[in-house]
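Novice: As a plain string of letters, each chain reads:
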Amino acid sequence: MSKGKTDDVTGTETTGHSWDGIEELNTPLPRWWLWTLYLCIIWGIIYTIAYPAWPMVSGATKGVLGWSTRANVAAEITAHESKNADLATALLATDMDVLPASADLNRYAVARGGAVFRANCSQCHGSGAAGAKGYPNLLDDEWLWGGAMADIEYTVRHGIRNEQDADARYSQMPAFGELLEKDEITAVVEHVVSLSNAEFDATLAEAGATVFADNCSACHGETGLGDRAQGAPNLADAIWLYGGDRNALTETVKNARFGVMPAWGPRLTEADVRAVSAYVHSLGGGE
Amino acid sequence: MTDQTTPPSLYAAREPIFPRRVTGFFRRFKWAILIVTLGIYYITPWIRWDRGPSLPDQAVLVDLASRRFYFFWIEIWPHEFYFVAGLLIMAGLGLFLFTSALGRVWCGYTCPQTVWTDLFILVERWIEGDRNARVRLHKASWNLRKWRLRLTKWAVWLAISVATGGAWVFYFTDAPTLAVDLVRLTAHPAAYITIAILTATTFIFGGFLREQVCIYMCPWPRIQAAMMDPDTITVAYRDWRGEPRGKSNNRRRSKAEAIQIEADAQAAGPGEARYPGTPYRQAAKPAAPVIQPVAETGDCIDCMACVNVCPMGIDIRNGQQMECITCALCIDACDDVMDKIGKPRGLIDYLALSDETAERAGEPVKPLWRHILRPRTILYTVVWLLIGLGLVYALFIRSEIELTVSPVRNPTYVTLSDGTIRNIYDVRLRNKSGEARDFRLKLTSDEILRIELEGTEDLTLSIPADTTVLQRVYVTARPEDPAAKSAATDLRLWVEDTSAQTRASKATTFNGQGN
Numbered sequence: 004m005s006k007g008k009t010d011d012v013t014g015t016e017t018t019g020h021s022w023d024g025i026e027e028l029n030t031p032l033p034r035w036w037l038w039t040l041y042l043c044i045i046w047g048i049i050y051t052i053a054y055p056a057w058p059m060v061s062g063a064t065k066g067v068l069g070w071s072t073r074a075n076v077a078a079e080i081t082a083h084e085s086k087n088a089d090l091a092t093a094l095l096a097t098d099m100d101v102l103p104a105s106a107d108l109n110r111y112a113v114a115r116g117g118a119v120f121r122a123n124c125s126q127c128h129g130s131g132a133a134g135a136k137g138y139p140n141l142l143d144d145e146w147l148w149g150g151a152m153a154d155i156e157y158t159v160r161h162g163i164r165n166e167q168d169a170d171a172r173y174s175q176m177p178a179f180g181e182l183l184e185k186d187e188i189t190a191v192v193e194h195v196v197s198l199s200n201a202e203f204d205a206t207l208a209e210a211g212a213t214v215f216a217d218n219c220s221a222c223h224g225e226t227g228l229g230d231r232a233q234g235a236p237n238l239a240d241a242i243w244l245y246g247g248d249r250n251a252l253t254e255t256v257k258n259a260r261f262g263v264m265p266a267w268g269p270r271l272t273e274a275d276v277r278a279v280s281a282y283v284h285s286l287g288g289g290e
Numbered sequence: 004m005t006d007q008t009t010p011p012s013l014y015a016a017r018e019p020i021f022p023r024r025v026t027g028f029f030r031r032f033k034w035a036i037l038i039v040t041l042g043i044y045y046i047t048p049w050i051r052w053d054r055g056p057s058l059p060d061q062a063v064l065v066d067l068a069s070r071r072f073y074f075f076w077i078e079i080w081p082h083e084f085y086f087v088a089g090l091l092i093m094a095g096l097g098l099f100l101f102t103s104a105l106g107r108v109w110c111g112y113t114c115p116q117t118v119w120t121d122l123f124i125l126v127e128r129w130i131e132g133d134r135n136a137r138v139r140l141h142k143a144s145w146n147l148r149k150w151r152l153r154l155t156k157w158a159v160w161l162a163i164s165v166a167t168g169g170a171w172v173f174y175f176t177d178a179p180t181l182a183v184d185l186v187r188l189t190a191h192p193a194a195y196i197t198i199a200i201l202t203a204t205t206f207i208f209g210g211f212l213r214e215q216v217c218i219y220m221c222p223w224p225r226i227q228a229a230m231m232d233p234d235t236i237t238v239a240y241r242d243w244r245g246e247p248r249g250k251s252n253n254r255r256r257s258k259a260e261a262i263q264i265e266a267d268a269q270a271a272g273p274g275e276a277r278y279p280g281t282p283y284r285q286a287a288k289p290a291a292p293v294i295q296p297v298a299e300t301g302d303c304i305d306c307m308a309c310v311n312v313c314p315m316g317i318d319i320r321n322g323q324q325m326e327c328i329t330c331a332l333c334i335d336a337c338d339d340v341m342d343k344i345g346k347p348r349g350l351i352d353y354l355a356l357s358d359e360t361a362e363r364a365g366e367p368v369k370p371l372w373r374h375i376l377r378p379r380t381i382l383y384t385v386v387w388l389l390i391g392l393g394l395v396y397a398l399f400i401r402s403e404i405e406l407t408v409s410p411v412r413n414p415t416y417v418t419l420s421d422g423t424i425r426n427i428y429d430v431r432l433r434n435k436s437g438e439a440r441d442f443r444l445k446l447t448s449d450e451i452l453r454i455e456l457e458g459t460e461d462l463t464l465s466i467p468a469d470t471t472v473l474q475r476v477y478v479t480a481r482p483e484d485p486a487a488k489s490a491a492t493d494l495r496l497w498v499e500d501t502s503a504q505t506r507a508s509k510a511t512t513f514n515g516q517g518n
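Residue numbers (this note's numbering), protein chains in the order written: chain A, 4 to 290; chain B, 4 to 518.
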């Protein structure tokens, strides 16, 4: 601070800095501004004591008010769950097969199941449940392991081809690349193509029919209609999990497929398993 | 050192205002408006209206919890919010219309700030006395009497404020139930908080801030000024008649003289020989004779009556001011004085500034209707009416059943095992009637399409009273049908009330493999 050099025009003290004759005035801050600043500082200190604020080595100070976003969310979830407690109890008590008959309970189950689906299932099956290559579309009417409420519930609870659950649905297609000759594979692929009424080479397909009967019909059935008990897909319809063109089919025959779904029984609550089953059942393919 | 100019302070301390009691036409008119508007405000929530067993029986109810607005026989659902928007636009246009025709009549007569301030000043006058007594009390030191009067006044104000805040919450839930809950202290905290906030604002705005609200807080004075023009009828002072003002007692006529002038005027008959400066209010007084002002001084005797009664604390004789809410109390005060000194009324009057030149010259002024009927006001009226008629029309064509269709586009379509293409639609079916109805769903399209409902074999659903039901609807096209192969096919979903024979429809599209 210099010793009170003042500006001629305003009479205000200057800082002594001058640029091309323009002097910098040392106008004091308005009193209200200063008080606001001091109040903000005091408020800030009180705030950091009351609420979580100061970062420490592991986590931050908790604050004397004990406020926490996680606790708030948990409390809200609990509050909502307690509002629906009656419905949740009813869901556990109701036989899944008759669930769609009780409108209110079904609406609750489908809404809850939708939330469970979006959090746990949509990563593979898609948020709209339309699936993707290797992940079945749950909106259509083809089911590898059955589309009745009980079938869906079993699949959700135990999963498919996983190692955690002994009751998981299980089947395995051999990799025919090591078992069949190359031309046999070409022929059987042509036969499979012929099953779904696409354009095909008749002589090749006929040759493939023998290969099919010898190697594939045990699981997929003589006419290729599949077998749900073994999770063997229907080869005569319009739906292909891994693609229905000759290249994709050849790859499937050669190397086989082994789609895995985790068992959700241990991961979800009983009510959630039931709810998500009801949801999947309500998407359009439920039997 | 050159001159040291101190910048003007940006803060002006409030000058307390002590409006004097006034009587007259406008004061009576304002009391009437006060009684009617406050009456509507306090009584409306208590009016009952029978809507049947499943709906509330309060005539005017904003039911936030179940998202309905009830107004007598009208029930508005959230998706019909355009009614509220339309009413707000009409309110805005109405304000434009009145402002361009009659100036700030909204501010002067019906604004809640004006109405409640009027009521508070009335209370103030009952307890503390009229203007002079209040000025004395204001200046007096805080002795026992002053404390007693002030505390009484504040207590009454507070009671009015609590009633005001209390009435507000009744619009949002069943009034009798809430009234009991409020007294038992079992009502929802939101009710108490709302009452507390509105009590505080009423108490502070009506009791202490008063004209400060209009001058510094309200944007309307600024906006309304832009909507007025020289043809607008507004409260103004005829300075050409009043000036130069003076207090000279010799200008007062004796009572006998005044009676004589009045008698002459009666004899001259109405319309004849009217004082040129009072074109609008013939009915207020028998027509006065032509009196040319005596040489030096005008009619204004500078009695300050107009200033003393002004709730805004301004002097209307200074011309148009942003502070003036055109409450017209100065007209009453001045007319009263003019009657006493035997001058014609209307020194302060409702008049259009565009008439000034004609009035100064003593020529006839434009008739009132030509001030009111101008292209601008006609345009406002026409637009206002169009919106109003549109809303009334919309109100009458609303059907009791409705549907909204949101096509599920994730995925755009589903291929079924036989190659059939299926589209999914989330359809919301709305039954606005007071009883359960059977709704049948149908579709129409130029192409072959089929409709199915999730969870049920047939196409009829029972929808409970006053509810919306979400139904998943499937539309399918067989692989050989054109709709399955083309990109998009137009279709229309219909919902039909099987008993009432009413129906509604929504157009949507069907996506095929060409998509």
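Simulated from the structure, these hints should not be mistaken for laboratory data. Hints are supplied without guarantee of correctness; some may be wrong.
Claimed, not checked - Calculated cross-link-like contacts (lysine-lysine; reagent style DSSO-like; alpha-carbon spacing at most 30 Å):
{"id": "1", "chain 1": "A", "residue 1": "Lys136", "chain 2": "B", "residue 2": "Lys149"}
{"id": "2", "chain 1": "B", "residue 1": "Lys445", "chain 2": "B", "residue 2": "Lys488"}
{"id": "3", "chain 1": "A", "residue 1": "Lys86", "chain 2": "B", "residue 2": "Lys435"}
{"id": "4", "chain 1": "A", "residue 1": "Lys136", "chain 2": "A", "residue 2": "Lys185"}
{"id": "5", "chain 1": "B", "residue 1": "Lys156", "chain 2": "B", "residue 2": "Lys142"}
{"id": "6", "chain 1": "B", "residue 1": "Lys488", "chain 2": "B", "residue 2": "Lys509"}
To be verified - Sample of chain A residues facing chain B (criterion: CB under 8 Å; computed from the structure):
{"id": "7", "residue": "Ala133"}
{"id": "8", "residue": "Asp144"}
{"id": "9", "residue": "Ile242"}
{"id": "10", "residue": "Asn258"}
Stated by the list, open to error - Some residues of chain A that are not near chain B, with every Cβ distance over 10 Å (derived):
{"id": "11", "residue": "Asn29"}
{"id": "12", "residue": "Ala56"}
{"id": "13", "residue": "Thr64"}
{"id": "14", "residue": "Leu95"}
{"id": "15", "residue": "Glu145"}
{"id": "16", "residue": "Ala153"}
{"id": "17", "residue": "Ile163"}
{"id": "18", "residue": "Phe203"}
{"id": "19", "residue": "Cys222"}
{"id": "20", "residue": "Ala259"}
{"id": "21", "residue": "Met264"}
Glycine is no exception: its CB is placed at the ideal position from the N, C-alpha and C atoms.
Novice: Determine for every hint whether it applies to the structure shown.
Specialist: Hints versus structure:
| no. | hint | verdict |
| --- | --- | --- |
| 1 | A:Lys136 with B:Lys149 | violated, 87 Å |
| 2 | B:Lys445 with B:Lys488 | holds, 22 Å |
| 3 | A:Lys86 with B:Lys435 | holds, 27 Å |
| 4 | A:Lys136 with A:Lys185 | holds, 25 Å |
| 5 | B:Lys156 with B:Lys142 | holds, 17 Å |
| 6 | B:Lys488 with B:Lys509 | holds, 23 Å |
| 7 | Ala133 | holds, 4 Å |
| 8 | Asp144 | holds, 5 Å |
| 9 | Ile242 | holds, 5 Å |
| 10 | Asn258 | violated, 25 Å |
| 11 | Asn29 | holds, 17 Å |
| 12 | Ala56 | holds, 28 Å |
| 13 | Thr64 | holds, 31 Å |
| 14 | Leu95 | holds, 21 Å |
| 15 | Glu145 | violated, 4 Å |
| 16 | Ala153 | holds, 17 Å |
| 17 | Ile163 | holds, 20 Å |
| 18 | Phe203 | holds, 16 Å |
| 19 | Cys222 | holds, 18 Å |
| 20 | Ala259 | holds, 22 Å |
| 21 | Met264 | holds, 20 Å |
The structure shown violates the earlier hints numbered 1, 10, 15.
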